[in-house]
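S.K.: Got chain X; can you put chain P on it based on the hints?
Residue strings, one per chain:
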Amino acid sequence: GNSVTQMEGPVTLSEEAFLTINCTYTATGYPSLFWYVQYPGEGLQLLLKATKADDKGSNKGFEATYRKETTSFHLEKGSVQVSDSAVYFCALRLNTGGFKTIFGAGTRLFVKA
Amino acid sequence: DGGITQSPKYLFRKEGQNVTLSCEQNLNHDAMYWYRQDPGQGLRLIYYSQIVNDFQKGDIAEGYSVSREKKESFPLTVTSAQKNPTAFYLCASSNLQETQYFGPGTRLLVL
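Chains X and P are the protein sequences, given in the same order. Going by my numbering, the first sequence opens with residue 1, and the numbers climb by one from there. Going by my numbering, the second sequence opens with residue 114, and the numbers climb by one from there.
Excised from the complex, chain X in its bound form (with noise of 0.2 Å):
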């Protein structure tokens, strides 16, 4: 079936420092891909996508790239900051009809000042 696998939190990382949070996916067809972040108490943001193989998607200083041959989708950033501690969510979409979206587990970050 469809799936999104992402890693297990949380993360902790000091201000400054290089982020990189795996997301990996199962689907049919080609999906388009997601990252979502969520701030305490708060809904879901949309904070970069991809629709297509290579694609890459940036925003707010993070960025993935859609990665069809390691089925991948990985979100980057080269400096946090201490105001980017949230959750993350990867997410995708199927593109072959029907409009439900599967999201992962979500990685909670935690940036230390």
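Heads up, some of the hints might be wrong.
Chain P side only, calculated, beta carbon under 10 Å to chain X, not exhaustive [stated by the list, open to error]:
1. Gln119
2. Phe125
3. Gln150
4. Gly171
5. Lys184
6. Ala194
7. Cys204
8. Ser207
9. Gln210
10. Thr212
11. Tyr214
12. Gly216
13. Val223
What the hints contain is simulated information worked out from the structure, not anything from laboratory work. Think of the CB as a built atom: it goes at the ideal place given N, C-alpha and C, for glycine as much as any other residue.
M.R.: Showing chain P alone in chain X's frame:
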């Protein structure tokens, strides 16, 4: 300002009581969704609606009901049959096969 609103922010339910969570969007999106989020877990789909007057069960529909009488509104009722309702409930909307956008959520607590 376009967006999705959910109310209330916090909701308390007594045992045996039905409660209704509101979700309204002014993005002119066709599809709307309800998700449940438990602490430390991902999102699970409760119900979704692709068009007015039509809706489909998601992965955990038991104990919940919805209606879609207007394009902009998709209320969720948590019935007394839902034995473990304490969770964070998120509403989302999208146009067909496009990105989902989320509301701020409602936290439901049992008294």
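S.K.: Confirm or reject each hint.
M.R.: Cross-check of the supplied hints:
Interface hint status for P/Gln119: upheld, as the beta-carbon distance to the closest one in chain X is roughly 8 Å, under 10 Å. Contact between P/Phe125 and chain X, as hinted, is not supported at the beta carbon level, the nearest pair being about 17 Å apart and thus beyond 10 Å. A distance limit of 10 Å between C-beta atoms decides the matter here; for P/Gln150 the minimum to chain X is near 9 Å, and the interface restraint holds. For P/Gly171, the interface hint holds, since its Cβ comes within 10 Å of a Cβ in chain X; the closest pair sits about 8 Å apart.
For the restraint placing P/Lys184 at the interface with chain X, the shortest Cβ-Cβ distance is roughly 15 Å, beyond the 10 Å limit, so the hint is violated. Residue-level restraint check for P/Ala194 is violated (minimum Cβ-Cβ distance to chain X is 24 Å; threshold 10 Å). For P/Cys204, the interface hint holds, the least distance from its beta-carbon to any beta-carbon of chain X being 8 Å, beneath 10 Å. At a threshold of 10 Å, the smallest CB-CB gap from P/Ser207 to chain X is about 7 Å, leaving the interface hint in force.
Because the closest C-beta pair between P/Gln210 and chain X is about 6 Å apart, less than 10 Å, the hint holds. Checking P/Thr212 against chain X: minimum C-beta separation of about 6 Å stays under 10 Å; hint holds. This hint holds: P/Tyr214 has a C-beta 7 Å from the nearest C-beta of chain X, less than the 10 Å allowed. The beta carbon of P/Gly216 comes within 5 Å of a beta carbon in chain X, closer than 10 Å, and the hint placing it at the interface holds.
For P/Val223, the interface hint is violated, since its Cβ never comes within 10 Å of a Cβ in chain X; the closest pair sits about 19 Å apart.
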